[in-house]
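Now for the letters of each chain:
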Amino acid sequence: MARVLVVDDAAFMRKMVTDALTKGGHDVIGEAGNGAEAVDRWQELRPDLTTLDITMPEKDGLAALKEIISIDPAAKVIMCSALGQESKVLESIKLGAKDFVVKPFQADRVLDAVAKALA
Amino acid sequence: MSDAGDALMQIGESTAEAVMGVLQVFCPEEGQVTQGLVAAVPPGVHPMEGVPVPAVATGVSFVDGVHGGNVFVMTVKGARRLAASMMGAELPEDDAELTELDLSAMGEAMNQMMSAAAMATSKVLGKEVEIAPPEVQQFTDPAQATAAYDPTPHAVTAQFSILGEPCRLVLFIPNAFIVRMNRALSEMTTEYAEYEQGPLSPLVRDVPLRLWAELGRVRMPLAALVGLPVGAVVELDHEVDDPIDLYVDDMLFATGRLLVTDDSEWAVRIETVHGVPDNPRHSSPDSQSLTAGPTTTTQGD
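If you read the sequences in order, they're chains D and X.
Taking our numbering, the leading residue of the first sequence gets 18, the next gets one more, and so forth.
Taking our numbering, the leading residue of the second sequence gets 15, the next gets one more, and so forth.
Bound-form chain D, shown alone (with noise of 0.2 Å):
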């Protein structure tokens, strides 16, 4: 069981993510909708995993990823964007993000995920 933050835009997605994490005995401890919020939420609470959104109003994943990175180069963040975006699959990848999830997703390809960034 991981402490997880879930980091999107959409509060749909969000619940995804988060049924899904649950269903999977996982412990989402906190939820935030844009980039800056996921740096504050992620300082306050150091999750175990963040699921992070690209696309996102005011500061995207990508910067947001950058900037978890920098403050602990080994916090183990999921990138979840929708399809069409292979360039930044690979920046984030080599920004440090340990795996990638395509939406639409099935919920069990997002707990594969997560069981393959803690292990």
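Hints are supplied without guarantee of correctness; some may be wrong.
Chain X side only, calculated, beta carbon under 10 Å to chain D, not exhaustive [as the list claims (entries may be wrong)]:
#1 Val36
#2 Met101
#3 Leu105
#4 Ala110
#5 Glu114
#6 Ala119
#7 Met120
#8 Glu122
#9 Asn125
#10 Met128
If you are wondering where the hints come from, they were derived from the structure by calculation, not from laboratory data.
We put the CB at the ideal spot given by N, CA and C, even for glycine.
Chain D is fixed; fit chain X onto it per the hints.
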């Protein structure tokens, strides 16, 4: 394929196909989603005209690469049913209002559909297209829907039926988009035609080549090179008015003029083709020297 109509239909169809792919994940049962007609909107007609109300419309705009925007509009009932299906919940039959979560689901559905569509468009244009986060609006009167979106010179609509409710995808397309689209299409057509008619043996037609444009060169000793500070200016051997050189795999192939395209990209208009010398290495005028300054690759491998 060179007129605006063909480009419009091609972009309309590839977008509709991408959207359909995502909708089928949200509504996986046979027949829950069907695609109807894709059609160019005639001049003078607002593409939002006649949308069924009450409606919920979700729009995204492309942030760079190509300029334009897409709007997905569906009945409120259809939106509630789609949101329920995305959450794996029972489909509502009543006409209640949309909840915050329903609206968020619509935004997310649009985000995913348009990301898939942007990927399809990127493939056609050979250029990555990025989308801005979606904006959701509700309309109770058709006049609100036409007032909410400024018409563009071109538009395409695609009809869908989702869980028994009608919906419409509208692509708002400015002229710049058509220009880019036509160029990409005609480049593809030209390349293909040359492939077919060229004197090359079929064996070598697919050999990949690296093509680059060179603005100029300079020779300097190593000590001068390592001593260059940030901000130093290195003068090249070409005047501003000189043609620039086009190289193919280290061989001077042609000279031409540097241009800036409508999309602010560099391009080269070829003025002289030098042909293939007996010993290609000798035609590279300064192959031992250091090449300073930017080189512009006009076509990838």
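Which numbered hints does this structure break? 3 and 4
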